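Could you put together the complete structure from these sequences and hints?
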Amino acid sequence: MSRLRTRPTRDDTRDRLFEAAARVFEEDGIGGASIEAIAAAAGFTRGAFYSNFKSKDELIIAMLEDHVAQSIRRNMDILAQHENLDDFIAALKTMDRSRQDPLGRSPLLHMEMILFVARAEKRRPELAKRLRARRKLVADIVEATLKSNGRNHNLNPPWVAAIVLALEDGFRLHRLIDPETTPADSFLRAITDLRRRTGLASA
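Residue numbers (the numbering used here): 1 to 203.
Simulated from the structure, these hints should not be mistaken for lab results. Quick caveat, the model's predicted, so the values are computed rather than measured.
Cβ pair distances, simulated, as ranges:
{"id": "1", "residue 1": "Tyr50", "residue 2": "Glu121", "range": "20 to 30 Å"}
{"id": "2", "residue 1": "Thr192", "residue 2": "Tyr50", "range": "40 to 50 Å"}
{"id": "3", "residue 1": "Lys54", "residue 2": "Arg196", "range": "44 to 54 Å"}
{"id": "4", "residue 1": "Lys147", "residue 2": "Ser51", "range": "39 to 49 Å"}
{"id": "5", "residue 1": "Lys147", "residue 2": "Lys122", "range": "34 to 44 Å"}
{"id": "6", "residue 1": "Arg99", "residue 2": "Leu194", "range": "24 to 34 Å"}
{"id": "7", "residue 1": "Met95", "residue 2": "Arg46", "range": "29 to 39 Å"}
Where a beta carbon is used, it is the ideal one built from N, C-alpha and C, also for glycine.
Here it is, written out as structure tokens:
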């Protein structure tokens, strides 16, 4: 009786290329990583790579896009279960980060990829789209929290979102540079302080 061989789906192939690229980027650096090395690390041919991405730049943009999409989906799922901000933050603290995408698991690689894209002016609009999507996510969370508290407010959710993301990126960078004085929960602690001062604290 012959066995049926199942070919990986396009999504499976992309996920394997994302994971392989992350490993190769961490070992060889983004600039030094070749398409051949990424394909080989994923167990594919060069042709399989090009059937999914036109270039290494396109792969990187796709990885950033996937990271943002997963972050939005994960945070919105948590928000649907925990509209109270204290509960939402507690759920973020206990989230299983081992199941995140490669960029979620490796802040250093995430920052390197952002810088790689930002260095070329022609790539920046693609990066800006992901930044705006992250801002909208946080703004939506702020609005949902304010509604659940039933409070009148003069806050501008998009501006609060910009502040929150600046804090997150800043603490991520500080922890990479000086982990001894930047605890892993620094960002969430800062958010707790911020919400108390902006009226987002629970009644």
